[in-house]
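Number of protein chains: 6
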Amino acid sequence: MIVKVKEPLESEYSLIRSGQIVFTYFHFASYKPLLEAMVKSKAICIAYETVEDSLGRLPLLIPMSEVAGRMSIQEGAKYLEKPLGGKGILLGGVPGVEPAKVVILGGGVVGTEAAKIASGMGSKVYILDVNLNRLKHLSEILPKNVIPLFSNQYNINRLIKDADIVIGGVLIPGGKAPKLITREMLKEMQDGVVLVDVAVDQGGCIETCRPTTHEAPTFVIDGVVHYCVANMPGAVPYTSTVALNNATFGYVKKIADKGWELACKEDKGLCRGLNVVKGKIVYEAVANAFNRPYKAIC
Amino acid sequence: MIVKVKEPLESEYSLIRSGQIVFTYFHFASYKPLLEAMVKSKAICIAYETVEDSLGRLPLLIPMSEVAGRMSIQEGAKYLEKPLGGKGILLGGVPGVEPAKVVILGGGVVGTEAAKIASGMGSKVYILDVNLNRLKHLSEILPKNVIPLFSNQYNINRLIKDADIVIGGVLIPGGKAPKLITREMLKEMQDGVVLVDVAVDQGGCIETCRPTTHEAPTFVIDGVVHYCVANMPGAVPYTSTVALNNATFGYVKKIADKGWELACKEDKGLCRGLNVVKGKIVYEAVANAFNRPYKAIC
Amino acid sequence: MIVKVKEPLESEYSLIRSGQIVFTYFHFASYKPLLEAMVKSKAICIAYETVEDSLGRLPLLIPMSEVAGRMSIQEGAKYLEKPLGGKGILLGGVPGVEPAKVVILGGGVVGTEAAKIASGMGSKVYILDVNLNRLKHLSEILPKNVIPLFSNQYNINRLIKDADIVIGGVLIPGGKAPKLITREMLKEMQDGVVLVDVAVDQGGCIETCRPTTHEAPTFVIDGVVHYCVANMPGAVPYTSTVALNNATFGYVKKIADKGWELACKEDKGLCRGLNVVKGKIVYEAVANAFNRPYKAIC
Amino acid sequence: MIVKVKEPLESEYSLIRSGQIVFTYFHFASYKPLLEAMVKSKAICIAYETVEDSLGRLPLLIPMSEVAGRMSIQEGAKYLEKPLGGKGILLGGVPGVEPAKVVILGGGVVGTEAAKIASGMGSKVYILDVNLNRLKHLSEILPKNVIPLFSNQYNINRLIKDADIVIGGVLIPGGKAPKLITREMLKEMQDGVVLVDVAVDQGGCIETCRPTTHEAPTFVIDGVVHYCVANMPGAVPYTSTVALNNATFGYVKKIADKGWELACKEDKGLCRGLNVVKGKIVYEAVANAFNRPYKAIC
Amino acid sequence: MIVKVKEPLESEYSLIRSGQIVFTYFHFASYKPLLEAMVKSKAICIAYETVEDSLGRLPLLIPMSEVAGRMSIQEGAKYLEKPLGGKGILLGGVPGVEPAKVVILGGGVVGTEAAKIASGMGSKVYILDVNLNRLKHLSEILPKNVIPLFSNQYNINRLIKDADIVIGGVLIPGGKAPKLITREMLKEMQDGVVLVDVAVDQGGCIETCRPTTHEAPTFVIDGVVHYCVANMPGAVPYTSTVALNNATFGYVKKIADKGWELACKEDKGLCRGLNVVKGKIVYEAVANAFNRPYKAIC
Amino acid sequence: MIVKVKEPLESEYSLIRSGQIVFTYFHFASYKPLLEAMVKSKAICIAYETVEDSLGRLPLLIPMSEVAGRMSIQEGAKYLEKPLGGKGILLGGVPGVEPAKVVILGGGVVGTEAAKIASGMGSKVYILDVNLNRLKHLSEILPKNVIPLFSNQYNINRLIKDADIVIGGVLIPGGKAPKLITREMLKEMQDGVVLVDVAVDQGGCIETCRPTTHEAPTFVIDGVVHYCVANMPGAVPYTSTVALNNATFGYVKKIADKGWELACKEDKGLCRGLNVVKGKIVYEAVANAFNRPYKAIC
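First to last, the protein sequences are chains A, B, C, D, E and F.
Numbered according to UniProt numbering, the first sequence spans residues 1 to 298.
Numbered according to UniProt numbering, the second sequence spans residues 1 to 298.
Numbered according to UniProt numbering, the third sequence spans residues 1 to 298.
Numbered according to UniProt numbering, the fourth sequence spans residues 1 to 298.
Numbered according to UniProt numbering, the fifth sequence spans residues 1 to 298.
Numbered according to UniProt numbering, the sixth sequence spans residues 1 to 298.
A portion of the hints provided could be inaccurate.
Identical copies carry no separate label here, and so any pair may be met within one copy or between two of them.
Within a straight-line C-alpha distance of at most 20 Å, the following computed SDA-like cross-link-like pairs (lysine to any residue) qualify [unchecked claim]: (1) K265 - Y294; (2) K258 - C298; (3) K254 - N131; (4) K82 - T218; (5) K280 - I297; (6) K254 - N157; (7) K253 - N133; (8) K82 - P217; (9) K136 - L58; (10) K136 - P59; (11) K82 - A216.
No lab work stands behind these hints, which were simulated from the structure alone.
Kindly generate the complete structure, drawing on both the sequences and the hints.
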């Protein structure tokens with residue numbers, strides 16, 4: 001889950017001055033004017049999205065993935081309502097009536113949090129992943145109405161035939177997620193199914209998804225409702241902000257206590273967050289994205 | 001939860017002929033033209049909403065209350081989103097961030113089903129009722145994030161001060177539910193709180209509620225979002241229809257096998273469903289509602 | 001679940017003398033020589049199988065139904081093994097592999113206990129009943145991998161198509177259970193499915209079942225494995241005996257303390273257990289079964 | 001759990017040609033003719049049983065251990081039935097009657113999966129291990145009727161005195177498991193207890209166990225029923241095959257995409273699977289087992 | 001659980017005047033001076049302890065039994081500490097060490113609430129009752145570390161041999177509870193076991209118990225610690241008072257709204273609470289206790 | 001949790017002779033006479049409290065932290081009783097009455113075990129930690145009435161305002177824990193709140209705590225009850241001893257089998273336990289504490 005609420009306004013970032021430390025989401029690779037402004041400003045730009053923890057995970061993206069994963073089911077349940085284009089099924093059913101079937105692609109942060117909410121609401125949940133150790137872990141911590149299944153084309157094809165909600169939660173960090181649901185496969189699904197692609201802003205794992213907004217969150221192809229809001233956590237700013245602050249606080253404190261140079265020296269993962277420093281691009285992928293010179297710093 | 005999808009159209013009910021058995025929701029008291037047409041038709045009108053089981057419960061209303069109770073949380077969660085007027089809080093929070101607080105007024109069918117979904121989504125749930133035996137039962141079957149509490153003005157006032165969602169699920173069968181949340185009390189609530197009044201079509205237990213539709217489900221008073229759709233189950237017709245059929249099937253079979261007269265003779269609760277028979281009003285409350293003569297039949 | 005370990009031997013019951021109180025399972029209707037011997041003996045015969053509690057339930061049959069219901073899944077799981085004729089599926093699957101699907105017909109004592117074990121072993125469980133109140137109760141006390149569903153021909157037909165185990169737990173007390181699974185329907189099932197009919201000794205609810213023994217418990221029709229042992233609890237005599245004694249103890253004490261006449265006078269349900277008293281048949285259904293005179297006693 | 005369905009037939013492996021890649025279970029050390037045939041064939045033999053993951057675990061044995069662990073309780077429950085030699089106890093008891101007591105030796109894959117099923121069936125479960133961190137983990141993910149206990153002679157002796165089922169799930173990878181249950185200790189157990197030794201094909205941890213088959217799975221010593229089938233997963237081939245394929249698929253894909261040499265170069269754990277390559281023995285333990293020359297390859 | 005904080009002081013009750021309604025715990029049978037003063041006062045005395053609900057239960061005693069039942073385990077755990085005379089065992093153990101064993105006599109309100117806390121703290125719990133329906137219900141709502149067992153001398157004798165805590169929660173309403181634990185049986189128990197007799201103020205079900213106070217709550221006989229505080233809820237007055245008010249509020253409102261005469265006329269159970277009315281003793285058992293004339297009023 | 005039952009008596013340790021291996025808790029830094037005696041004795045002193053496992057954790061302190069963490073709630077619940085100075089609240093409430101609120105500072109071993117017991121007893125639990133990965137793990141293994149929250153001054157201040165029990169479970173290994181609850185903050189708390197500082201013997205995280213004993217475990221400041229027993233596990237010696245033996249056994253066996261020198265050579269973590277060897281101080285912190293020469297040995 002990449003978090004990018006909106007294109008930042010020039011009026012906002014033009015105020016940044018040389019030597020200032022800016023610690024936030026940048027996503028330089030996707031918006032060149034911002035990169036150029038930051039290079040020009042000679043500020044110290046530490047990007048949330050590239051900070052790493054000691055295991056190489058992205059600790060400042062995880063909270064947003066948690067929020068989006070949990071929200072994805074809330075959205076799926078809502079858009080399953082008939083007046084909104086869905087099949088007209090209540091997620092958890094009622095005693096005597098079968099509940100909805102939710103298929104979650106990916107057993108990472110997004111998928112796991114989605115599975116918690118989907119099972120809590122009483123649906124039948126399938127969560128698919130290729131990592132068997134992860135599947136076993138999920139089988140041990142999730143409720144019994146969640147079935148962890150090996151992810152392969154056979155299982156996906158089989159399960160979507162009578163799925164009510166499909167959650168796309170597959171993300172290859174720094175890479176393109178595979179298109180697990182193709183345009184062709186929509187035809188196998190029933191009318192009114194809801195797809196939620198949580199990774200839509202990175203291309204997503206559902207071929208027919210393209211980013212939408214909270215104002216116009218869904219569109220329909222082949223009778224299948226697509227919910228592909230690019231910045232899902234933006235709808236719950238109270239929760240998202242606190243979650244993000246919990247994660248950034250330790251880094252902010254380190255930078256404030258020690259200065260950015262010492263802080264980055266002592267914490268290699270924080271150093272990985274440096275993207276632009278005093279006019280130089282110091283994160284290789286950003287430099288490469290625009291064929292600009294790269295200067296190693298960590 | 002009274003279920004009345006829409007005013008029935010004359011074009012629909014004008015086709016009914018003498019001696020036909022019509023077994024459906026009528027709600028005669030709230031729509032005089034329908035009553036008059038049925039009296040004129042000389043049909044046998046058995047109203048879902050007045051059929052009783054052997055304990056005096058209303059078995060053909062319960063499935064709709066179950067659907068509405070479960071849906072109420074789905075709606076509350078959705079309208080808690082900032083772009084829809086809510087506080088911008090995610091119902092279940094995420095690890096490290098406190099979840100939302102849901103206050104459910106009434107521990108009957110609606111409230112219990114609401115509590116199941118609210119707890120399943122990870123919120124902190126309070127369910128209030130004046131029946132201690134019921135509270136003990138709820139404490140034994142609901143998850144541990146549900147606190148069953150005695151319902152009194154003190155507890156309600158105290159809890160709504162920092163509630164995020166309030167569900168009105170109080171219904172006095174055949175009577176007017178008390179106004180547990182008054183206009184005045186809205187001022188004590190925070191901006192962006194969501195109220196869902198499931199019993200709105202019977203007056204409801206929230207003073208400021210008035211019926212809305214799935215097309216325009218909410219309105220705001222004093223910063224508080226009101227969701228008061230009169231026919232909530234109508235949004236999930238697949239689930240609602242199957243749920244209702246499960247409940248009506250046994251009665252339909254009896255009527256078909258034995259004829260309505262014998263069926264009603266053998267099952268006093270079904271007999272209570274008779275409202276209009278061959279031109280006579282046979283349900284006292286309906287007769288009284290329009291000062292019409294009443295003929296006892298059960 | 002009728003419990004009848006074997007035809008009683010004449011050598012056993014020929015020792016009974018006039019005035020003796022015999023409190024045990026008799027099942028007179030199904031074995032005339034025993035009835036005649038008891039009539040001749042002039043003993044007091046109180047039959048476990050017809051004693052009733054204050055709600056008209058059969059408290060001395062319930063423990064055996066509990067044992068048989070729990071055992072039914074143990075048998076289903078075992079005979080699902082390939083070398084025993086089954087599909088070669090492990091009931092609970094393993095992480096990454098889908099578990100088996102268990103369909104339980106009837107949500108009474110047998111079905112509920114079966115559902116507890118089947119869900120505990122990790123399978124996907126459907127339990128079907130026509131009583132919606134019962135289904136709601138089951139949804140509140142059983143684990144989340146059990147789906148309580150309304151029982152009708154549509155649901156049964158749909159579910160057995162890919163079921164792995166089908167449990168017959170339907171019993172109409174004092175009547176013939178309907179044949180919910182007919183010979184014809186076996187063709188819709190997959191090879192290696194296991195049927196367990198717990199009520200087989202009363203005709204059962206699976207048309208193709210006929211009683212078998214622990215020595216040769218199964219037979220195969222149309223590729224479907226039938227487990228139809230008539231006295232399932234007999235395989236776990238330790239548990240069954242203690243369970244039965246728990247239930248009979250109170251009655252035995254009453255009879256011992258007060259004599260059978262006073263005990264039966266004070267406890268109408270115990271009185272219903274009287275079948276043959278001093279040479280007279282005092283239980284109507286037994287008398288009728290053999291066109292013998294009946295003398296009312298309770 | 002070593003998986004070896006049967007001695008491979010010469011007619012099967014004589015068809016293998018030079019340069020072919022054979023990726024399967026070999027267990028060369030236990031069957032010399034196969035080793036010699038493979039050496040002679042000049043094929044590339046990658047043995048499932050020696051492939052390692054990045055933590056040194058054996059990912060192609062784990063799925064079989066999961067299957068066997070879960071099955072072990074199914075077998076224990078079945079053979080506890082009286083007609084099969086057991087105590088005649090129902091694993092989960094019924095309300096009012098104490099359930100059976102299951103003692104599981106080893107808290108690894110086999111023991112953990114056994115504990116899940118045993119607790120799900122309602123028995124009282126003790127799981128013993130010497131690793132306290134593992135015991136804490138088990139206490140956090142297993143149901144409350146499982147008691148994780150430190151494994152020592154005192155506890156084992158104490159627990160088996162009134163155990164109903166004992167599961168042997170101790171395996172020292174690449175070594176001989178200790179004999180935790182000796183011949184002598186059988187005398188302390190009650191008649192009709194069921195022992196299941198899941199690691200029997202590696203010597204097992206129960207002294208009196210010797211491998212049996214699905215055709216004749218049990219034998220009795222000192223009144224104690226021994227279930228020691230060498231290839232337990234073979235009875236549920238559908239589940240076992242899918243589970244195994246889930247685990248091997250990634251390796252097969254790597255080998256197919258890159259050729260075995262590059263695949264083994266990039267994945268050291270896969271390289272550990274190489275046993276015989278073009279006529280040379282490249283796995284040290286296999287070479288040593290027959291005093292043959294060993295050629296290092298990883 | 002009879003609640004009687006202390007002997008009421010004359011200075012307190014001497015202020016009561018003719019015609020006043022006094023609605024509180026009286027327990028007249030156990031304190032004659034109070035009875036005489038009330039008779040003399042000509043007040044209307046409605047005793048909490050004899051009010052009944054429509055099923056004949058005592059709704060104003062239940063809340064106190066709930067409090068005492070839950071507290072009983074808290075006390076048991078505390079007095080199991082070595083410095084307080086106990087065995088020096090931690091109730092829930094820790095991973096690797098076996099938890100304590102708690103035996104609860106009686107599956108009514110007290111026993112059920114005790115079982116909830118004891119299981120929540122991680123101990124092994126046995127709850128004994130003679131009512132099999134109740135045991136089944138308990139098995140369905142309590143955690144899996146609670147074993148519901150039939151109550152008989154054999155089971156009690158067997159279980160207390162290695163019990164750590166024994167809770168006496170047996171109460172025969174209006175009668176003397178049987179002495180399930182006799183003086184003799186203490187010898188079979190281990191040193192440092194803790195007995196908690198919740199019904200001590202009615203004689204209790206443990207022969208050696210005699211009422212103690214919160215100031216000196218325990219005494220030791222044969223090495224067994226006895227906790228027998230007569231008014232357990234008095235130690236948690238906040239919880240007890242709110243719990244009691246929840247239960248009495250409806251009655252108080254009825255009396256206030258309608259006057260005691262009409263209220264008692266309409267609610268037969270409340271009428272059962274009348275003990276002394278305008279100088280007459282109107283509750284038979286109280287009159288009998290002191291050989292005073294009784295005047296029927298309900 | 002440092003475990004130090006009492007100052008060791010000279011009469012005890014004066015018996016130790018040269019070359020003897022003493023493997024126990026020493027805590028040399030806090031008791032100089034013991035250090036000097038051991039130096040003089042020329043014994044081999046291996047201190048439980050400094051042995052490390054392969055991840056740098058302290059495996060011989062963990063069992064004591066587990067015991068103390070679980071006990072902390074037992075103590076909190078008891079001292080919350082009115083006669084002992086508490087608020088007079090029952091930890092779990094009863095149906096209809098709100099349960100107590102427990103705030104646990106620190107999500108490590110102590111805090112996690114405390115949360116298990118507090119939630120098991122039915123209270124509302126907040127557990128605070130700065131490690132988000134740990135909070136997520138806790139949210140996945142603890143019951144739903146536990147809310148894992150990010151630990152910061154804002155949350156602590158907010159939560160203690162209406163907390164009933166506060167558990168101090170923060171420990172900086174080898175360092176001073178921060179004073180999360182200051183003297184000033186007590187004024188914000190309600191009268192009768194109970195504080196339990198489990199790390200009191202290392203200074204603790206509650207400013208006003210000073211070590212107490214099992215004989216006089218509590219004192220009151222500003223109306224707040226402080227429970228600060230320095231050696232909590234000492235009250236449950238049976239459990240503590242077995243827990244400790246489980247942890248030490250493997251080390252004892254290694255030392256016995258191989259001698260201390262080889263054992264310490266092969267296990268670097270055990271080597272870290274060496275404090276005094278043949279008259280030399282070989283643990284740096286101990287040497288530094290008394291400005292004595294230090295000799296490296298591992």
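Verification of the hints:
{"no.": "1", "hint": "K265 - Y294", "verdict": "within (19 Å within a copy, 32 Å between copies)"}
{"no.": "2", "hint": "K258 - C298", "verdict": "within (17 Å within a copy, 33 Å between copies)"}
{"no.": "3", "hint": "K254 - N131", "verdict": "between (35 Å within a copy, 15 Å between copies)"}
{"no.": "4", "hint": "K82 - T218", "verdict": "both (14 Å within a copy, 17 Å between copies)"}
{"no.": "5", "hint": "K280 - I297", "verdict": "within (10 Å within a copy, 46 Å between copies)"}
{"no.": "6", "hint": "K254 - N157", "verdict": "neither (49 Å within a copy, 23 Å between copies)"}
{"no.": "7", "hint": "K253 - N133", "verdict": "between (36 Å within a copy, 19 Å between copies)"}
{"no.": "8", "hint": "K82 - P217", "verdict": "both (16 Å within a copy, 14 Å between copies)"}
{"no.": "9", "hint": "K136 - L58", "verdict": "between (23 Å within a copy, 15 Å between copies)"}
{"no.": "10", "hint": "K136 - P59", "verdict": "between (23 Å within a copy, 13 Å between copies)"}
{"no.": "11", "hint": "K82 - A216", "verdict": "both (17 Å within a copy, 14 Å between copies)"}
Comparing the model with each numbered hint stated earlier shows that hint 6 is the single one that does not hold.
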